[in-house]
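Participant: Here's the letter readout for the chains.
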Amino acid sequence: MQYSVINTGDSNAFEDDHALLSNASRSGEVVVILGTEAGKSLSELRDAAKKTAVLIELDGECLGVHTGESRGEEGGNVLGFSRFRLGAAEPTNLVELVRQPRTTDAAIAAAKAIFEGAGLQVAVCGDFAGRIIDRLVRPYYNAALTRLDEALASADDLDTTLKLGLGYPEGPIALLERTGLEYHCQVTQDLFEAYGEGAYAPARRARVAYMRAMAQRETGAAQLFPIPPSNGD
Amino acid sequence: MHNIKTVGVAGSGTMGAGIAIVAARAGFKTIVFDTQQAALDRARKQTEGFFAKSVERKKLTQPQVETMLANLTATTRIDDMAACDIVIEAVFENLKVKHDLLAQLNKACKPEALFASNTSTLSITEIAAGSGRDEKFVGMHFCLPAQLMKLIEMSPGLRTSDETFNAAWDFAKALGQIPVKTKDNPGFILNYFLVPFNNDAIRLVEAGVAAPADIDRAIKVGLGYPMGPLELLDLVGLDTHLLVAEALYSSTHEPRAAVPALVKRMIAAGQLGRKTGQGFYTYKTNAMFGG
Chain A
0 MQYSVINTGD SNAFEDDHAL LSNASRSGEV VVILGTEAGK SLSELRDAAK
50 KTAVLIELDG ECLGVHTGES RGEEGGNVLG FSRFRLGAAE PTNLVELVRQ
100 PRTTDAAIAA AKAIFEGAGL QVAVCGDFAG RIIDRLVRPY YNAALTRLDE
150 ALASADDLDT TLKLGLGYPE GPIALLERTG LEYHCQVTQD LFEAYGEGAY
200 APARRARVAY MRAMAQRETG AAQLFPIPPS NGD
Chain B
0 MHNIKTVGVA GSGTMGAGIA IVAARAGFKT IVFDTQQAAL DRARKQTEGF
50 FAKSVERKKL TQPQVETMLA NLTATTRIDD MAACDIVIEA VFENLKVKHD
100 LLAQLNKACK PEALFASNTS TLSITEIAAG SGRDEKFVGM HFCLPAQLMK
150 LIEMSPGLRT SDETFNAAWD FAKALGQIPV KTKDNPGFIL NYFLVPFNND
200 AIRLVEAGVA APADIDRAIK VGLGYPMGPL ELLDLVGLDT HLLVAEALYS
250 STHEPRAAVP ALVKRMIAAG QLGRKTGQGF YTYKTNAMFG G
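If you read the sequences in order, they're chains A and B. Take the first sequence: its position 156, counting from 1, is numbered 155 in numbering that gives the first Met the number 0, and each next residue is one higher. Take the second sequence: its position 177, counting from 1, is numbered 176 in numbering that gives the first Met the number 0, and each next residue is one higher.
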């Protein structure tokens with residue numbers, strides 16, 4: 000399937016030599032729009048309605064922010080997508096593909112074919128804050144941090160138990176240290192604002208890390224991890 | 000240090016049989032107690048089958064297995080547990096059932112014998128309170144299947160002595176297991192984190208956020224987990240999940256531990272998971288739930 004790519008800049012999800020970019024043509028029946036301005040450029044896209052699919056790279060925001068919503072009957076040929084990554088870690092091979100209630104089957108099939116053709120795996124989800132993974136893991140990470148504060152077990156014992164008991168590749172504490180507690184804080188704060196559920200409220204250790212990172216940013220001191228822009232829906 | 004040579008296992012269900020294999024394999028004289036001879040016979044058959052596979056896979060030799068099986072005896076007479084230096088109870092997750100058993104064991108066993116509970120959800124302190132020897136009582140939660148999983152969650156109750164905990168810790172290592180220390184907290188570590196996580200995944204299905212296969216794929220590819228939460232629930236069985244989750248919720252009253260309504264509807268419909276051929280997935284056709 001032929002598709003073209005419009006890069007609006009600042010997408011850190013795909014390297015220049017990634018197959019998604021190298022497989023692209025100058026034109027095609029699908030348009031993939033990358034970068035932080037991807038959603039905004041939708042309105043400038045000519046002939047968008049004639050395409051089988053238009054795929055917009057999302058950050059934390061809902062697709063409906065760019066397409067508009069109407070009575071639960073929104074959707075057509077525009078889909079959102081995000082290549083999943085945890086904070087400062089490398090992007091994974093997972094693409095969360097965001098559909099709306101009336102998104103066409105043809106658009107979904109075209110999107111899957113393009114991403115899978117580029118070596119990625121696709122999970123289709125509705126247009127909700129946190130999509131699948133963030134919505135599931137952020138309460139778990141908050142609970143792990145809170146239980147560490149409450150001395151349920153040492154950080155090493157928490158991690159060892161969840162690795163040996165459930166086969167997880169990494170325990171939650173080591174994972175959050177590796178990918179950035181301050182990044183977790185920001186993501187889960189956005190989800191807390193979106194859903195109003197206490198499980199998403201940033202754990203104390205995450206808030207401390209975030210405040211420390213912000214203070215270091217203000218003083219110009221070295222900062223371990225970049226703080227991505229906030230993107231609540 | 001407490002000198003443990005003979006291990007008692009009370010209860011010969013799946014967990015009890017697995018723990019007995021671990022103890023016998025590590026060279027301990029092991030006595031399995033159950034009130035039902037049929038349960039003991041079934042466990043013995045499963046144990047012999049497990050060891051036969053171990054020989055087939057060249058993990059053990061036939062002479063080693065013969066020694067291990069010779070270490071392993073079974074009884075329906077609680078007085079036979081008098082020889083044990085430690086008794087691990089692995090019976091139904093019901094406080095009264097455990098208290099009744101422990102009261103009998105307290106009479107039968109020597110005063111210096113340690114008692115341990117394999118509970119995954121009940122409070123060690125509360126179980127110990129009915130044992131008649133709460134200072135010599137400790138939590139030792141083996142993971143399913145015990146004969147394959149190395150982890151043991153070790154929890155002291157409020158009145159567990161340091162000497163008891165240290166002796167049980169050394170015993171866990173002598174079994175060839177990896178002990179981790181956790182507070183006497185509902186669900187300890189594993190179930191405390193796993194049950195709400197699985198409930199959250201069920202709620203995503205309920206809310207129509209994504210289909211089970213997409214949720215599982217996201218978790219496996221995005222996080223590197225070996226199984227998705229809905230595949231795991233189908234494997235465990237939704238009826239079992241309900242029991243564990245209700246026990247956890249009754250202790251914590253945390254909203255994420257509350258069982259989603261979909262679980263009860265699926266159980267009512269006979270959709271328990273793999274064991275009924277239908278859960279979040281249909282195992283004949285591999286079609287997705289609700290698809």
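If you are wondering where the hints come from, they were derived from the structure by calculation, not from laboratory data. This one's a predicted model, so the numbers in the text were calculated from it and none came from an experiment. Hints should not be assumed to be uniformly reliable.
What the hints assert, rightly or not - Derived contacts from chain B toward chain A, CB cut-off under 8 angstroms, selection only:
| # | residue |
| --- | --- |
| 1 | 149 |
| 2 | 192 |
| 3 | 223 |
Unchecked claim - DMTMM-like cross-link-like pairs, simulated, lysine to aspartate or glutamate; straight-line CA separation at most 20 angstroms:
| # | chain 1 | residue 1 | chain 2 | residue 2 |
| --- | --- | --- | --- | --- |
| 4 | B | 180 | A | 148 |
| 5 | B | 182 | B | 238 |
| 6 | B | 106 | B | 65 |
| 7 | A | 49 | A | 104 |
| 8 | B | 180 | A | 155 |
| 9 | B | 182 | A | 104 |
| 10 | B | 149 | A | 148 |
| 11 | B | 149 | A | 155 |
For each residue, glycine too, the CB sits at the ideal point set by N, CA and C.
Participant: Given the hinted pair residue 149/B and residue 155/A, is their alpha-carbon gap at most 20 angstroms?
Facilitator: holds (16 angstroms)
Participant: Mind checking the alpha carbons of residue 182/B and residue 238/B for me, to see if they're no more than 20 angstroms apart?
Facilitator: Outside the cut-off at roughly 27 angstroms; violated.
Participant: Measuring from the C-beta of residue 192/B to each C-beta in chain A, is the shortest one below 8 angstroms?
Facilitator: holds (6 angstroms)
Participant: Do the alpha carbons of residue 180/B and residue 148/A lie within 20 angstroms of each other, as the hint requires?
Facilitator: Holds, at about 15 angstroms.
Participant: Could you check if residue 149/B really has its C-beta closer than 8 angstroms to a C-beta on chain A?
Facilitator: Residue 149/B check passes; min Cβ-Cβ to chain A is 6 angstroms, inside 8 angstroms.
Participant: Would the hint linking residue 49/A and residue 104/A be met if the CA-CA limit is 20 angstroms?
Facilitator: Answer holds: residue 49/A to residue 104/A is near 15 angstroms, not above 20 angstroms.
Participant: Is residue 182/B within 20 angstroms of residue 104/A, Cα to Cα?
Facilitator: Violated. Residue 182/B to residue 104/A sits at ~51 angstroms, over the 20 angstroms cutoff.
Participant: For the hint on residue 223/B, does the least C-beta distance to chain A fall short of 8 angstroms?
Facilitator: Residue 223/B check passes; min Cβ-Cβ to chain A is 4 angstroms, inside 8 angstroms.
Participant: Next pair to validate is residue 180/B with residue 155/A; report whether the Cα-Cα distance is within 20 angstroms.
Facilitator: Given pair residue 180/B, residue 155/A holds - Cα atoms ~10 angstroms apart, limit 20 angstroms.
Participant: Is the hinted pair residue 149/B and residue 148/A satisfied, with a Cα-Cα distance of at most 20 angstroms?
Facilitator: violated (26 angstroms)
Participant: Can the restraint linking residue 106/B and residue 65/B be considered satisfied, given a maximum Cα separation of 20 angstroms?
Facilitator: violated (33 angstroms)
Hints 5, 6, 9, 10, counting from the list given before, are not met by this structure.
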